[in-house]
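S.K.: From first to last, the protein sequence lines stand for chains A and B.
So for the first sequence, my numbering puts the first residue at 1; every next one is plus one.
So for the second sequence, my numbering puts the first residue at 1001; every next one is plus one.
Derived from the structure by calculation, the hints contain no laboratory data.
Quick caveat: nothing in here was measured; it's all calculated off a predicted structure.
Be careful, since some hints might not be right.
Examples of chain B residues toward chain A, derived with CB under 8 Å [unchecked claim]: (1) Asp-1167; (2) Asp-1174; (3) Ala-1183; (4) Glu-1224; (5) Arg-1225; (6) Leu-1226; (7) Gly-1254; (8) Ile-1255; (9) Thr-1257; (10) Ser-1258; (11) Asp-1272; (12) Val-1417; (13) Ala-1428; (14) Arg-1431.
Here a beta-carbon is modelled for each residue, glycine too, at the ideal position from N, C-alpha and C.
Okay, here's what each chain looks like letter by letter:
2 protein chains.
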Amino acid sequence: MPKPLPTTDFYAHHSPFGAFASFTLGRHGFRGGFGSELAGPADQDVYIAVVRPGKGVEALPFFRPSSSPSIAYTGEVAPSDSARSAHWRTFGPEEIVRTLGWATDSWAAGSLTFTLHTPFGPVPDVVEIGDGEMRRHLCPAIFAELTVDNRDGDGEAFGFFGIGAADPLRPLSDAGNGLLGMARGGEYGFAAAPLPGRALRELQTWELETAVALADSDAAPPIERLANRGGLLMTVPAGEIRTCRLALGFFRHGIVTSGIATTYLYSRLFSDLDTALAFAVENIDEYIDTARLCDEELDATGLSDERKFLVAHSTHSYLGSTMLLHDERGALPRSPFATTVHRPIWVVNEGEYRMLNTLDLTVDQAFFELLYHPWTLRNTLDLLIHRYSYTDEVQDATDPARPRFPGGISFTHDMGVANQFAPARFSAYERPDLSGCFSYMTYEQLCNFCLCAALYGLPTVLAEGDVFWLAAHRNTLHACLRSLLHRDGPDALRNGLMSFDSGRCRNGQEITTYDSLDPSLGQARGSAYLAVKTWAAYLALSRCFDTLGEEPSAVEAEERAACAAATIAAQWREVDEFFPALFEKDSPGGAARTLPVVESLVYPYLWGDEDAVSPYGRYGQLISQLRRHMKAALTPGICIDRVSGGLKITSVSENTWLSKLFLIQFVAETILGLKVPPSTDQAHARWLREGEARNHAFTDQVRSTDGADLGSRFYPRGVTSHLWMI
Amino acid sequence: MPKPLPTTDFYAHHSPFGAFASFTLGRHGFRGGFGSELAGPADQDVYIAVVRPGKGVEALPFFRPSSSPSIAYTGEVAPSDSARSAHWRTFGPEEIVRTLGWATDSWAAGSLTFTLHTPFGPVPDVVEIGDGEMRRHLCPAIFAELTVDNRDGDGEAFGFFGIGAADPLRPLSDAGNGLLGMARGGEYGFAAAPLPGRALRELQTWELETAVALADSDAAPPIERLANRGGLLMTVPAGEIRTCRLALGFFRHGIVTSGIATTYLYSRLFSDLDTALAFAVENIDEYIDTARLCDEELDATGLSDERKFLVAHSTHSYLGSTMLLHDERGALPRSPFATTVHRPIWVVNEGEYRMLNTLDLTVDQAFFELLYHPWTLRNTLDLLIHRYSYTDEVQDATDPARPRFPGGISFTHDMGVANQFAPARFSAYERPDLSGCFSYMTYEQLCNFCLCAALYGLPTVLAEGDVFWLAAHRNTLHACLRSLLHRDGPDALRNGLMSFDSGRCRNGQEITTYDSLDPSLGQARGSAYLAVKTWAAYLALSRCFDTLGEEPSAVEAEERAACAAATIAAQWREVDEFFPALFEKDSPGGAARTLPVVESLVYPYLWGDEDAVSPYGRYGQLISQLRRHMKAALTPGICIDRVSGGLKITSVSENTWLSKLFLIQFVAETILGLKVPPSTDQAHARWLREGEARNHAFTDQVRSTDGADLGSRFYPRGVTSHLWMI
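Please put together the full structure from these sequences, using the hints given.
M.R.: This is the structure in structure tokens:
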């Protein structure tokens, strides 16, 4: 069992796999509930309550008392909120015990326990399995248990689970398929199998609070089909403890995207919401068992409580951003290995921004995907190659004339936004003539592609690799190598690092993924962070070519890596023990100390090139410097925030990114053998549970002093935390 | 051309046929825009502007200055609203000339004119026409013209049309089908064909106000694909006047309803939004011509300006509530006359309540549907017979023991709510154990069915009738007659009117459609209004049986009509010259004077039984009394509101219903030969244009003193006004 959390007042995602949907819940005094394709928590009242007739109702604090919309019909004023809510009391924070497991989220208060189960695990390649197995993995539902302990009660009690939505609900029993529950049209709903003796009954009324307070096992609860509030009422006889298991489902029919016409793949396996709910209820015990096993697995690790929390919380939010689509009109080539008629398109949405498959997230989420479903990473790489690659010219942005030179292949920052696939060869994010946020990330995305391709194709600590795929994309890998070279300036001046910006920038310049930070991390050219990533990208290509038996290219790539390493090493500031964030002279922010400079050590480590990341290996000088850089940076006042004790991405900004910190912690501890103070994890967990970041489930960009949300809310990338468990 | 309106600050629907969608616009200082399946206006900024570089922007007042969401990406504060809006000026009410035609809505201010076109007209039965013709009728789009008159200008000017939505937009040119415009995913968007010389360009940016103010024919407008604001910018050279024609389209893919799985029929004819927009743009001239012809047709009538307005406004709102679906899984029997594979289901949504095919609206909208598409009325009748009829017992609600007797067939109040089809034999609205709002309307709906069946089946002033359909449903008509008889009490006591309530009421009693009014109209048993409707229903059945050659049943029904007429006539209060609203002794509100008591004279009149509604005919006594009742009621302080001069449904309530007033005006003037003061029309138009009712497009329930909205907002039923034109 996960341990009780010290504070309980934060939102978490609760989501099935690939449905871009979440039953978000957890902030005290705030709504939540069923949301599909949203940028934040939904806005439904969620009623989770225990009723003791004559003694009133006690409920979790996830709803707001509200007036009755029946006034619109009758023209009359409804009874006041206070009158109707008089019998409702919400549990205070001190009464609520919350545990967040890897696949459960549970609240206990008084005699009430409510648990949401979001089982997950390895998902086989959906083009290689039958529809029956796929149905189990893709059923767009999560699960809940409502328990009321009336063993000490001297009279009947009731448990209640329900919602108040914007639109009218429908009782599931209307559909006549043996389920009880409430649904909103064909969009979402919750279902349960009947309990013996009619102990579980539907209730639907505008005056839900009154009706629940008046629960009575002899009187039928109201069913008002116009009402937007409803739920399930469970009778619990005196002396008993009783649990009701529920499935909470989501559904979207038909084509859901533009640019590429896609449906949700689950909508090919289930004909509608009711079918999906029926399947979920039928298999509910198995699903809940799976969730418990996930919990146990995380519990059994040696991670600290804070890290367990961070792993669990980030997993919940990653799942909430996933979207498994079907290419409805065959816009893309099919996998040559497909044994089914399905043409899946995998999308991870970028949290509140909802950009599709942002490549600088893909590279960080690759670790998780390789552990659980490497084929989703391949799917994204294939879509990048087929539709979201482009060839540019490059330009010397340090010369006012901006002379142009041959460029090469790169990949777009993302594939569109908010269910809109961008046109081929373009992202939704990148624009010309900028030098900061929204400029091109051509160079970094080229590196990211190389790293993702190597992570997927090569055997790694995480997955077995796919050399067939590497071989099939041999030409693309060669194009990547040429493109990296072209961006390194004219032959004679090449130093292994990026010198030229993409011509797509026109009068702007390239940026890195750290787009919203100060120039110490935002600018691409001269970036120490990107320099080490370049080194890793060359190593990635070298390893791939080696695997493919292409000795000359392998050697060439390794030589470029060595050249890059030497150039980086030459920037070492021995006296101050650090790599400047920017290698350009007199750059603003160039003297900043940044943590991401070590980020890319993770890649060679994962594909087993331990020599490359060892202080005693062939890049020993660079690695030693990076280790010293890191050790010096991990100091209060530099990259440890003096106020909170949490880590700072860069010494010169309070804007820090949690997903990157997790990755950096892994590199520091596991690869560089440094100790990162456990107080950092305590701060990071506190930011998410107690800072304003708690308003947005997993939030990536927070203020390092107090965890205020600065961006990247409701975000999937925190699953870099899974590196802690390998 | 429609005449300029005296006041211009009100919302109107602008909708295609059968798409349950509206581009709602018109309140000054309020948003509007694209809305699908909504209960009220959408919440988008709508930017309609003229730009004179250096002199700023002038715009219609349909947007609110707003801060840039880019802050979520950059973590930085955007420039203040006021800075960005400095160059924007909205036209004041005194500058705006608005005309509302039957199928256009036009605003002219300064050098800017903007017109929305919503062409409508007869729609042939969709199961009898080819997909090509159907596509023309069902294309889910409306049309607009943006004109900028720069003939007096000394420099280039620009026209702009755009929106600010909740989610990111996409430039239509991304799809590469030759159109320019903006869309939100596959859900809605606007499109235009390119103008020569790149005079029409897309613009998309969070800082839309700034970008539009900086319009420049030499500089490409920004395209920021993450942004939620965008539009089309039209260059207008000095000395020219230029117009851009736009199509505004809506689309929903896949199954959109529960209970019965249906899609929008248009989604079988167009593969997606872009296809529908392309078709709309290709045929835009024809569509706009049709809209202009509609306008001319209304203009050419002899109606007063106020009545023309009321007809136009109500037509707009009716269309906005219409929904032509396709029965996706063959849940219902197909029409035996169908020559296509389509299985249409017609739904009119009940305005803000969104109940499906509310039968007491169907009977009032039948007049409009018979004029334009009688097959939709048949479709609704078929669905009523097949799925939404039921057989009850009846009970004597005046006896505390509520003894039960055999009942008969009746029909549900509605077929569900908000895209949720109710289970067979049940409405979403009706519930047991009530005596007011939300109780059963069994008796009235039985009458309504008889009247609708007769209106559809018999030749009328409005349509040619369909005797084959009547013959096919002969058994149902017999069942209706038996059911009416059974509800008239035990044989010996029958007086032609309703005596028994449906057993479905349990401990409640039946109500009428006037559910939200005081008991003078709300209670069914003893209702003078329902009594006259009973008489009309018997006449309807008699006429149908006569047409079918069923002499004995025709005679029996006519006898019951005569019995009802005699019973009603006996209630006449000679001294006070009125029929009490309720025939029961000592009823509260029984002494109210009500207008709807004459409503049902319209039916015999329409199927040509002028004798029945003549003071000199076989019901001469009743008709004379009704005429005197009406004449006396049409007096200030009784059913003419002293404050506003508008009509009151009942003397004892300020809650009055416009759609019913239109029908009653028709009966009073055309059938009873009474004069209704034109000042009533002036008041009615004023309520909708100046009262709070203006916030909700056509609003049916208003306060008679000032037009405050009391219910039935955003409502389709106002098309009873079309009776004025026959």
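S.K.: Would you pick out the hints that fail for this structure and give their numbers low to high?
M.R.: No hint contradicted; all consistent.
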